[in-house]
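Enquirer: One-letter residues, chain by chain:
There are 2 protein chains.
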Amino acid sequence: MKLLEERIKKDGVVLPGNVLKVNQFLNHQIDPELMYKMGEEFARLFKDEEITKIITVESSGIAPAVMTGLVMKLPVVFARKHKSLTLVDNLYTSDVYSYTKKVTNTISVDKKFLTSDDKVLVIDDFLANGQAVQGIFNICDAAGAEIKGVGIVIEKSFQEGAKIIHDRGVRLESLAVISSFDDNQVHFEGEE
Amino acid sequence: MKLLEERIKKDGVVLPGNVLKVNQFLNHQIDPELMYKMGEEFARLFKDEEITKIITVESSGIAPAVMTGLVMKLPVVFARKHKSLTLVDNLYTSDVYSYTKKVTNTISVDKKFLTSDDKVLVIDDFLANGQAVQGIFNICDAAGAEIKGVGIVIEKSFQEGAKIIHDRGVRLESLAVISSFDDNQVHFEGEE
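Chains as they are written, first to last, in our numbering: chain G, 1 to 192; chain B, 1 to 192.
Don't take each hint at face value.
Once the Cα atoms are required to be at most 20 Å apart in a straight line, the calculated SDA-like pairs of lysine to any residue come out as [claimed, not checked]:
1) LYS10/G x LEU74/B
2) LYS102/G x LYS81/B
3) LYS119/B x GLU40/B
4) LYS21/G x ASP110/B
5) LYS21/B x PHE113/G
6) LYS101/B x VAL88/G
7) LYS81/G x SER98/B
8) LYS81/B x THR104/G
9) LYS37/B x LEU74/G
10) LYS83/B x GLU58/G
11) LYS83/B x THR86/G
12) LYS83/B x SER84/G
13) LYS111/G x ASP11/B
14) LYS37/G x LYS73/B
15) LYS21/B x PHE188/B
16) LYS101/B x THR86/G
Calculated Cβ distances over 10 Å to all of chain G for the following chain B residues [unchecked claim]:
17) LEU3
18) GLU50
19) ASP182
These aren't lab readings, by the way, just hints derived from the structure by calculation. Computed from a predicted structure; not experimentally measured. The beta-carbon is built from N, C-alpha and C at its ideal position, and this holds for glycine as well.
For reference, chain G alone in the conformation it holds in the complex (with noise of 0.2 Å):
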């Protein structure tokens, strides 16, 4: 998506460690138009695989989720994160690791919001080693929910994300995939 990727350029931050700061529009303010656009690319792009279900997980994947909820007229749910969690009967959790924040939180979903009837669109902010949707695929596992796609707002391609939604077979569409961050410069797969 052009306009992404020239947002990224214009106002993302590489930190070391491979870490890209998109506070500016996304992970602390939010452009709501910009959401608004991705939302309807995300909508194109899985309008056949019949979602019922969008998921995702609090905080900064709930402004792209919602505005994909608003095109699609579906609702949402948001995976709640937990240091820690006692009294689980109601909920479907599983741990997430953070590889930037390295820490190990405990997502959740209430039982009553996701059904084996339901197909999901799982949509985040970012994908890079994967575990924040690993953890939500383990929450759909245990409600039999079928997973029908994940839509990911910045993909960095050379982490390991992709490859466990792909080999799951599971179909996965970024808006803005970055091949790397050489000389600390954001570049973006297919660039020259």
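Based on these hints, arrange chain B on the given structure of chain G.
Expert: Below, chain B alone, put in the same frame as chain G:
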């Protein structure tokens, strides 16, 4: 907002301690079309206030805030919530006590995203004791930003939050105002 009141009556669950759970459409599962209609309503109410920026707190404030930003064509900043914080030179911070969860979190906004030129509309999902709104007020004061209004999805008028806002002379608009949970039922202000 009639549509919202009806949805609360239909899907809201009243819990002990004057807690209303609206996980069905706002706090865990989100109804994006309802969020958009709420965004239109906030935009209508605050259209003459020359707002430059919308501020909310993660996570449940994000969906209504981002829809309001979409309609008003304004950027949205969500304050981050932390258990504890070190290295805060670049952040405005404030402590926020949650009566529901009985914990104090620190919320923060990057100094880059809030300045003395800003005229702020605060959007949040609930107004009860007003601690989250007070935290955002503190952050706006530290930045020298002007607070033009507060837009709340669900206000519990029998708690202290509204008083904090009115005492400061700030305009408050709530889309649903709950006057009591007598007999474990939701009663709206002005209802027969």
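Enquirer: Next, verify each hint and record whether it holds.
Expert: For each hint, the structure was consulted:
1. LYS10/G x LEU74/B: 19 Å, holds
2. LYS102/G x LYS81/B: Distance ~18 Å between LYS102/G and LYS81/B Cα, so the pair holds.
3. LYS119/B x GLU40/B: 19 Å, holds
4. LYS21/G x ASP110/B: Holds. LYS21/G to ASP110/B sits at ~13 Å (cutoff 20 Å).
5. LYS21/B x PHE113/G: Answer holds: LYS21/B to PHE113/G is near 14 Å, not above 20 Å.
6. LYS101/B x VAL88/G: 17 Å, holds
7. LYS81/G x SER98/B: Measuring from Cα to Cα gives roughly 17 Å; hence the hint holds.
8. LYS81/B x THR104/G: 17 Å, holds
9. LYS37/B x LEU74/G: Distance of about 15 Å is within 20 Å: holds.
10. LYS83/B x GLU58/G: 16 Å, holds
11. LYS83/B x THR86/G: 18 Å, holds
12. LYS83/B x SER84/G: Judged against 20 Å, a Cα distance of about 13 Å means the pair holds.
13. LYS111/G x ASP11/B: 16 Å, holds
14. LYS37/G x LYS73/B: Holds - the C-alpha atoms of LYS73/B and LYS37/G are around 13 Å apart, at most 20 Å.
15. LYS21/B x PHE188/B: 16 Å, holds
16. LYS101/B x THR86/G: 14 Å, holds
17. LEU3: 16 Å, holds
18. GLU50: Holds, since 18 Å exceeds 10 Å.
19. ASP182: 26 Å, holds
Consistency note: the structure conflicts with none of the earlier hints.
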